[in-house]
Amino acid sequence: MQHKKLRAVMLAGILAALSFVLMRFTEFPLIPSASFLKTDLGDIPILIGAVYLGPFYGIGIAFTKDLLYLLSGGGGGGVLGAFINFIATGTFAFVCGAIAYKKKSMANVLTGLIAGMLAMTVVMFFVNMWAVPKFWFPKITHKDLMKYLIGINVPFNLAKGALDTLLTAIVFFSLRKRNKI
Amino acid sequence: MKARFALGQYTYTNSLLHKLDPRVKILLVFSLVVFLFFVRTITGYLILFVFACSLVVLSKNSFSSVFRSLRPILLLLLFTAVFQIFFTPGRLIFEWRFIKITAEGLRLAIYISIRLILLSFFTFILTSTTSGIELTDGFEALISPLKIFRFPSEEVSLMISISLRFVPVLFEEADRIMKAQMSRGAEFNKGSLVNRARSFLPLLLPLLLNALSRADRLAIAMESRGFVIGKKRTRYREMKLSGLDYVAIAITVSVFVFALVVKEIV
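Protein sequences appear in the order of chains A and B.
The letter at position 71 of the first sequence is residue 71 when you use my numbering, and the numbering goes up by one with no holes.
The letter at position 181 of the second sequence is residue 1181 when you use my numbering, and the numbering goes up by one with no holes.
Read the hints as simulated data drawn from the structure, not as lab findings.
Among these hints, one or two may not hold up.
[To be verified] Okay, derived cross-link-like pairs now, DSSO-like style, lysine-lysine, Cα gap no bigger than 30 Å in a straight line:
id : chain 1 : residue 1 : chain 2 : residue 2
1  : A       : Lys147    : B       : Lys1100
2  : A       : Lys5      : A       : Lys139
3  : A       : Lys180    : A       : Lys103
4  : A       : Lys139    : B       : Lys1100
5  : B       : Lys1263   : A       : Lys38
6  : A       : Lys177    : A       : Lys4
7  : B       : Lys1100   : A       : Lys143
8  : A       : Lys180    : A       : Lys102
9  : B       : Lys1100   : A       : Lys134
10 : B       : Lys1190   : A       : Lys38
11 : B       : Lys1231   : A       : Lys4
12 : B       : Lys1232   : A       : Lys5
13 : A       : Lys5      : A       : Lys104
14 : B       : Lys1231   : A       : Lys5
15 : B       : Lys1179   : A       : Lys177
16 : A       : Lys5      : B       : Lys1263
17 : A       : Lys102    : B       : Lys1147
18 : B       : Lys1231   : A       : Lys134
19 : A       : Lys180    : A       : Lys4
20 : A       : Lys147    : A       : Lys134
21 : A       : Lys177    : B       : Lys1190
22 : B       : Lys1232   : A       : Lys4
23 : B       : Lys1263   : A       : Lys139
24 : A       : Lys102    : A       : Lys38
25 : A       : Lys4      : B       : Lys1190
26 : B       : Lys1263   : A       : Lys180
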């Protein structure tokens, strides 16, 4: 019991560091023409951790990664960028872990990942609805805000989530095939 | 390449701000960042800006390094500022063909930009004067009261210190694996979106496999040295509040209250 727990905490710490490193190494634009909507593979270690160690470890890894992100001085507006990133990744990881942790069959893992992706998109919709007028554009009209959210934000989060889902599933089952997880 | 990936912005000098207790610094910066959003006037923000600049001078950082820390948000900053200036309705002060600048727009642009700049200034001051170890220690001390609510504060802080320790190691490892795969003909970041994503798999898998075996070895090594989660341990570094810390709290709180209540003069 004690050994298992210590190992889980160590693994969670290393996965958080790995997530941060991957974020810096693998940044690429999601839509080649719009270079500002970038994505990276930093979420994959977090999702693997959430499935393998449980939903609360998922949140913990996401939190630690964003703390590292904050320390490195990254993110739009320092604290704000890291905080919003934590809400997004934390939701994704928690939902995914909550569904897939108990029984890690292929169907369960895929359901967890897809449910997590949808949950993240919904949560980010509301977070942006609150944050965009509050921090960036106080005078934005409701119509313009909705246009941005539905036209750019939601498709972006869905695409990012789908990519994460696909890669996490591939990586998770390759690790399992090698009996490592 | 190394410098760009270095974690943190810690500068090795010995200023007054470096000597402050990390707990005090974390709490002060955190509350400044939260309460920043309650300031309603540009004058208030200007006062805080002057305060932040004097902190930079006190911390013996050069202003060029502060502005370098602003670079990631520069594009966002410009975009929001330009957007506010041109698209806010109100009293016209300048008009040329289709470009219309209003007083309200200009004011809003200054207001939003100074707030974003202040946010990264305060974060920069914290991370440039506090080393990673100090930050974890401070953070651990701050969350340890949460134990009452059965919050696993020790696990969390252990996780944070492990991850801090492993970031440089993993950077090197990722770099090495990437180069090894490239020498075998792997191409990163080329082709369509799916291809791009797939091209990172030969990097991801070895990294994750190594992470798993590293966690095993680390847990065994720590256990064999008698490490048990939840046992009372003595500390190598002790944190103590000094007179300097009380002065820092008093100054920050008074500057902040002043910024909050000051009337708009511009």
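Right, here's what the structure says about each hint:
Straight-line distance between C-alpha atoms of Lys147/A and Lys1100/B comes to about 23 Å, which keeps the hinted pair within the 30 Å bound. Among the hinted pairs, Lys5/A with Lys139/A is inconsistent with the structure: their alpha-carbon atoms are about 50 Å apart, more than 30 Å. Restraint check for Lys180/A and Lys103/A: satisfied, since their Cα atoms lie roughly 16 Å apart, inside the 30 Å limit. In summary, the hint linking Lys139/A to Lys1100/B is supported, as the alpha carbons are separated by about 16 Å, within the 30 Å threshold.
Between Lys1263/B and Lys38/A the alpha-carbon distance is near 41 Å, which puts this suggested pair outside the 30 Å criterion. Proposed proximity of Lys177/A and Lys4/A is supported: the alpha carbons are some 22 Å apart, at most 30 Å. Taking the CA atoms of Lys1100/B and Lys143/A, the gap is near 22 Å; set against the 30 Å cutoff, the hint holds. Between the alpha carbons of Lys180/A and Lys102/A the distance comes to roughly 17 Å, so the proposed pair stays at or under 30 Å and holds.
Proximity of Lys1100/B to Lys134/A is assessed by CA-CA distance (about 24 Å); at most 30 Å being required, the pair is judged to hold. Under the criterion of a C-alpha separation no larger than 30 Å, the hint pairing Lys1190/B with Lys38/A is consistent with the structure, at around 15 Å. For the given pair, Lys1231/B sits about 16 Å from Lys4/A by alpha-carbon distance, which is consistent with the 30 Å threshold. The suggested pairing of Lys1232/B with Lys5/A holds, with an alpha-carbon distance near 17 Å, which does not exceed 30 Å.
With a CA separation close to 19 Å, the supplied pair Lys5/A and Lys104/A stays within the 30 Å bound. Between Lys1231/B and Lys5/A the alpha-carbon distance is near 14 Å, which keeps this suggested pair within the 30 Å criterion. Note on Lys1179/B and Lys177/A: the hinted pairing holds, with a Cα-Cα distance of about 26 Å set against a maximum of 30 Å. Straight-line distance between C-alpha atoms of Lys5/A and Lys1263/B comes to about 55 Å, which puts the hinted pair past the 30 Å bound.
At roughly 26 Å between alpha-carbon atoms, Lys102/A and Lys1147/B fall within 30 Å of each other, so this suggested pair holds. For the hint linking Lys1231/B to Lys134/A, the alpha-carbon distance of about 45 Å lies beyond 30 Å, and the restraint is violated. The suggested pairing of Lys180/A with Lys4/A holds, with an alpha-carbon distance near 15 Å, which does not exceed 30 Å. Taken as a hint, the Lys147/A and Lys134/A pair is honoured in the structure, with Cα atoms around 17 Å apart against an allowance of 30 Å.
Note on Lys177/A and Lys1190/B: the hinted pairing holds, with a Cα-Cα distance of about 28 Å set against a maximum of 30 Å. Between Lys1232/B and Lys4/A the CA atoms are separated by roughly 20 Å; this keeps the pair inside 30 Å, and the hint holds. Among the hinted pairs, Lys1263/B with Lys139/A is consistent with the structure: their alpha-carbon atoms are about 23 Å apart, no more than 30 Å. Of the pairs offered as hints, the one joining Lys102/A and Lys38/A is violated, with about 33 Å between alpha carbons and a cut-off of 30 Å exceeded.
For the hint linking Lys4/A to Lys1190/B, the alpha-carbon distance of about 41 Å lies beyond 30 Å, and the restraint is violated. Distance check on the hinted pair: Lys1263/B and Lys180/A sit about 63 Å apart at the alpha-carbon level, beyond 30 Å; violated.
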